[in-house]
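Position chain B against the provided structure of chain A, taking the given hints into account.
Line by line, the protein sequences are chains A and B. The letter at position 63 of the first sequence is residue 63 when you use our numbering, and the numbering goes up by one with no holes. Basically our numbering = 1-based index in the second sequence + 1000.
Possibly wrong hints are sitting among the right ones.
[Said to hold, decoys possible] In silico DSS-like cross-links for lysine-lysine, where the CA-CA straight-line distance does not exceed 25 Å:
#, chain 1, residue 1, chain 2, residue 2
1, B, 1071, A, 2
2, B, 1014, A, 99
3, A, 2, A, 67
[Stated by the list, open to error] Covered stretches of chain B (in silico footprint by chain A; criterion: 3 or more residues with CB under 8 Å from a CB of chain A, positions within the stretch not fixed):
#, stretch
4, 1011-1018
5, 1045-1055
In case anyone wonders, no lab produced these hints; they're calculated from the structure. All C-beta atoms, glycine included, are put in the ideal place defined by N, C-alpha and C.
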Amino acid sequence: QKEVEQNSGPLSVPEGAIASLNCTYSDRGSQSFFWYRQYSGKSPELIMFIYSNGDKEDGRFTAQLNKASQYVSLLIRDSQPSDSATYLCAVTRYSSASKIIFGSGTRLSIRP
Amino acid sequence: DGGITQSPKYLFRKEGQNVTLSCEQNLNHDAMYWYRQDPGQGLRLIYYSQIVNDFQKGDIAEGYSVSREKKESFPLTVTSAQKNPTAFYLCASRGGGDEQFFGPGTRLTVL
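Isolated chain A (complex conformation):
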């Protein structure tokens, strides 16, 4: 079982709709959770982080965390073509908060 699992996609969403990206993790003691956006050929860019159960909103982005289910998600409202990218879910290891484990990413495509 992978430590961080994501559906590789591609996930195709019409422009203006809500894109929902999901991630599960295996380390029940994980404390911090991150979403990175990576455009093709570029480095990852941090877009959201969440530490507590519940929702965290930042502009068009909402991160949702459910530690009991070991599940974290990212919602993108009013999807734009510029949101087309690969989204990486990342989780800290309980044994070492300084190390982050990355999922393999979900490729999101926003169709006009």
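Quick look at chain B alone, frame taken from chain A:
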């Protein structure tokens, strides 16, 4: 203008050659990291350093070496012992929180 720089952007290595990738940050971050990304895969940790003159192996350290003589700099050497080095190499740093921030990356190709 604070940030992380990596050089070169593209690097070509011949068989049996060692090459060094540069990573510099002016964010005053204590921790620095090196990751490798292969096509369609997530990032895998090579080495990390939480303080000057100290570093630890990550999950795939074999065939790589690092040094941390200055807070701002964390160079990665890909040695000839690394049999499959073609990949996208990413350097990151971390300040007071758990969040890591990435440089632009170096794409290494073996000829």
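Next on the checklist: Can you confirm whether the C-alpha distance between residue 2/A and residue 67/A stays at or below 25 Å?
Outcome noted: holds (17 Å)
Checklist entry - Do the alpha carbons of residue 1014/B and residue 99/A lie within 25 Å of each other, as the hint requires? => result violated (32 Å)
Next on the checklist: Taking 8 Å as the Cβ threshold, is the statement that the stretch 1011-1018 of chain B is covered by chain A upheld or broken by the three-residue rule?
Outcome noted: That given contact is violated, which follows from only 0 residues of the stretch 1011-1018 of chain B lying within Cβ reach (below 8 Å) of chain A.
Checklist entry - Given the proposed pairing of residue 1071/B with residue 2/A, does the C-alpha separation stay at or below 25 Å? => result At roughly 33 Å apart (the allowed maximum being 25 Å), residue 2/A and residue 1071/B break the hint.
Item to check | chain A over the stretch 1045-1055 of chain B, status - at least 3 residues with CB closer than 8 Å | outcome: That given contact holds, which follows from 3 residues of the stretch 1045-1055 of chain B lying within Cβ reach (below 8 Å) of chain A.
Consistency note: the structure conflicts with the earlier hints numbered 1, 2 and 4.
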